[in-house]
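For the protein sequence lines, the chains are A, B and C, in the order given. In terms of numbering that gives the first Met the number 0, the first sequence has 234 at position 235, counting the first letter as 1, and numbering is strictly consecutive. In terms of numbering that gives the first Met the number 0, the second sequence has 72 at position 73, counting the first letter as 1, and numbering is strictly consecutive. In terms of numbering that gives the first Met the number 0, the third sequence has 126 at position 127, counting the first letter as 1, and numbering is strictly consecutive.
Incorrect hints may have been included.
[What the hints assert, rightly or not] So the derived label-pair ranges between C-beta atoms look like this: (1) A:51 x C:104: 32 to 42 Å; (2) C:100 x A:45: 42 to 52 Å; (3) C:93 x A:30: 20 to 30 Å; (4) A:242 x C:65: 52 to 62 Å.
In short, the hints are calculated from the structure, not lab data. C-beta: ideal position from N, C-alpha, C; glycine also.
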Amino acid sequence: MKAALIRYSPLAILAIAWQLIAQFELVSSTALPPLTQVATAWLDLLTSGELLTNAGLSLYRGGVGLLLSIVIGAPLGIAMAWWKPVDIALSPLVEAFYPMPKSALIPVTVIWLGFGDGSKILLVFLGCMLPVTIGAFNGARSSEQVLVWSARSMGASRLRMLWDVVLPSAMPDILNGIRTALALAFILMVTSELIVARGGLGNLIGYLGANGSYDAMYGAVLTVAFLGFAADRLYQMFMQRMLAWRQVGDA
Amino acid sequence: MPVTEHHQIVVEGVGHRYRPPTGREVLALENVSLAVRDREFLALLGPSGCGKSTLLYMIGGFLPLVTGRILIDGKPVNGPGPDRGVVFQNFALFPWKTVKTNVLYGLERTQLPKAEREARAQTFIDMVGLGGFEDSYPSQLSGGMKQRAAIARTLAFDPKILLMDEPFGALDAQTRGLMQAELLNIWRRTPKTVIFVTHDVQEAVFLAERVAVMSARPGRIKAVVDTAFDKTDPHVLKSKPFVDKVDELWGLVRDEAIKAQVSRAT
Amino acid sequence: MSSAALHTTPSIGRRALQACGWAAVHLSSIIALLVAWEVFARSGAVTMFMLPPFSAVAERIWADAVNGTLWINIGLTLYRTFVGFVLACIIGIGLGIAMARTALARWFFDPIISVGFPMPKVAFLPVIILWFGVFDLSKITMVTVEAVFPIVTATVLGLQGVSHELIWSARNMGAKDRELLWQVMLPAAFPQIMTGIQVALPIALIVAVFTEMAMGGFGVGGDMMHASRFADSRGVFAGIVEIAVVGYCVVKGLAILRRRLLLWHQEAVAPSTV
Chain A
0 MKAALIRYSP
10 LAILAIAWQL
20 IAQFELVSST
30 ALPPLTQVAT
40 AWLDLLTSGE
50 LLTNAGLSLY
60 RGGVGLLLSI
70 VIGAPLGIAM
80 AWWKPVDIAL
90 SPLVEAFYPM
100 PKSALIPVTV
110 IWLGFGDGSK
120 ILLVFLGCML
130 PVTIGAFNGA
140 RSSEQVLVWS
150 ARSMGASRLR
160 MLWDVVLPSA
170 MPDILNGIRT
180 ALALAFILMV
190 TSELIVARGG
200 LGNLIGYLGA
210 NGSYDAMYGA
220 VLTVAFLGFA
230 ADRLYQMFMQ
240 RMLAWRQVGD
250 A
Chain B
0 MPVTEHHQIV
10 VEGVGHRYRP
20 PTGREVLALE
30 NVSLAVRDRE
40 FLALLGPSGC
50 GKSTLLYMIG
60 GFLPLVTGRI
70 LIDGKPVNGP
80 GPDRGVVFQN
90 FALFPWKTVK
100 TNVLYGLERT
110 QLPKAEREAR
120 AQTFIDMVGL
130 GGFEDSYPSQ
140 LSGGMKQRAA
150 IARTLAFDPK
160 ILLMDEPFGA
170 LDAQTRGLMQ
180 AELLNIWRRT
190 PKTVIFVTHD
200 VQEAVFLAER
210 VAVMSARPGR
220 IKAVVDTAFD
230 KTDPHVLKSK
240 PFVDKVDELW
250 GLVRDEAIKA
260 QVSRAT
Chain C
0 MSSAALHTTP
10 SIGRRALQAC
20 GWAAVHLSSI
30 IALLVAWEVF
40 ARSGAVTMFM
50 LPPFSAVAER
60 IWADAVNGTL
70 WINIGLTLYR
80 TFVGFVLACI
90 IGIGLGIAMA
100 RTALARWFFD
110 PIISVGFPMP
120 KVAFLPVIIL
130 WFGVFDLSKI
140 TMVTVEAVFP
150 IVTATVLGLQ
160 GVSHELIWSA
170 RNMGAKDREL
180 LWQVMLPAAF
190 PQIMTGIQVA
200 LPIALIVAVF
210 TEMAMGGFGV
220 GGDMMHASRF
230 ADSRGVFAGI
240 VEIAVVGYCV
250 VKGLAILRRR
260 LLLWHQEAVA
270 PSTV
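Hey, can you work out the whole structure from these sequences and the hints?
Given below as structure tokens:
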């Protein structure tokens, strides 16, 4: 506990510095409202329900997109590793889209599905497919040759082997791919909502900014940032739980 | 070749402890005392983990003294320096430099003019048998060649003392044998004091004039055995005096090796 | 002793041929993809608006190239990308060195970096605009903020991972602290730092495009948003193709640079990013 306090205390120092700088107007108070003011504005957003509705909307869009990308991307990646023809057909696609900035897809999704939920979900889905597929592909490809052979020698069919051997040993890479996709989902969600949206946290930020309610805007920005951070930490805990059997082996 | 009676390196009552990232403090060395003569070839022999490398690095000035003292030519050790050249098990060559620029690095701090430095580097590169490979990168060389480059680099800045930490440990058995013979040749041509750390009994007997046997952790000097006899005979490895010596030392080391095994498992 | 050097580098001609072979394989799949696009677009399954045929998009790109807007847009985007990226390198490596050497710097910045890494830092764009206005400075600042993270992390890891034998060896030969840092530790850490740089540049590009979309004006991102608002689907797809090509070139360029700079490195194969 104490170690955690020491570790994160620089953040507390920064918060205090923020408050002091703002309080003594070392910077214009519009550009940097005092932390206390931001906190009150944030509470207002919370109690008025605005924060929760928009957060819910954003999380819903990002979540559905991410889920779809996992459900379709992971099997796709494994299929690419397991069946050569699938690999030949799809890997140049993967390679071509890998370096492309996914935010470039924002205008396209808008043209296709307009300003609402659909375009956001599609964007997150398309963007997150890549890290999930690549993770699954790498994981399935490197599943220990020895394990596969021993399963084979015990008479397992190809399909069975996929389920019993390849999938578990590909898990770490798949889970890591999903972790990247999670961060990407947040980014795409925020960016697309900042630019074009109806509702959602990104939209809220933009609206508050345009309105001049900067203290509330700070509150919303920090909320999004914190959500992204919390999601990653929670996911890490989940990952450790899932991969616990790996740790036991290391004496 | 005359060996003076002056003790160049004096280790007296030296102890060392350290705290690993997890767990309790470990006493690595306890009351170690040793005296090494000028231009003597001494082997430090002991099981894994007995602290022989630790002792070597303390003489080298890389690890701080906790108790006792270490004197080089009467003066206490105060950090690393070019008077004690170190050869590491994993070669420690700078991978981004060629063999030649690696060797030159050690010469940079000498006051020699550039042309002389280059000539000197080349001499040593040739001496270790790497002539023609000066412009190769370490990643292009085999293990034995890398170690030769490392030795050339250390010899080039002419240290009085050579500290060698299991330098042939990372090589395959055949290369190792060849390198041992090479090292003896080089040592006979440019005599220096050598402290050679190893866990291989045969290697110690073959190379050294004296072998200091260390106990398992905490390391102490268990015995010092004389191993100077004529090694120019190509069949020396099978000769009776040699084999007897190896037996004698193996007897001393065996119990320590077992103790080391047990303490590692607990 | 007859142990020869391990690798013999193949002749230049042979290598060129191999490179062409690889290019041909990749190219053929891309060509297949483009053909599929064209066929599907013209098949009537979707409207020409939803999916303009590749030929129409190519025509638009060509027109833009001829009248110059293509170069202006790409130039601006790349300008913002690279300025932000270079700043991120300077700050990132500098910070990484400080963190690797002094415990104080490490203590102070470690939580900032580990908390900041998974955050969608782009959410701070409105704050940055509030501080720096609606022009390039904000865009570049946003790029720098995002690109700094992988570089700092890679630098710290790289420096901390330098084998102590290398350091001791240098000290043995008389190297002082400063020399140790510049002559030994940074070169030793360079492969890892380079990896961080290779991760940071595509991020810089993504963020530059995003800021342009959010803030409008010239640049590929701004152009695409403009096209999107005017229901100009060809323009939007043209932008996608342009960015895909630019992104690919950037990543490939870095991979080639890495191979050049790290000829000596054992892991002579670049980390698998395209």
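Comparing the hints with the structure gives:
1. A:51 x C:104: 32 to 42 Å: Holds, at about 39 Å.
2. C:100 x A:45: 42 to 52 Å: holds, 43 Å
3. C:93 x A:30: 20 to 30 Å: Given about 26 Å between the Cβ atoms, the range holds.
4. A:242 x C:65: 52 to 62 Å: With Cβ atoms ~55 Å apart, the hint holds.
Hint compliance for this structure: every hint is met.
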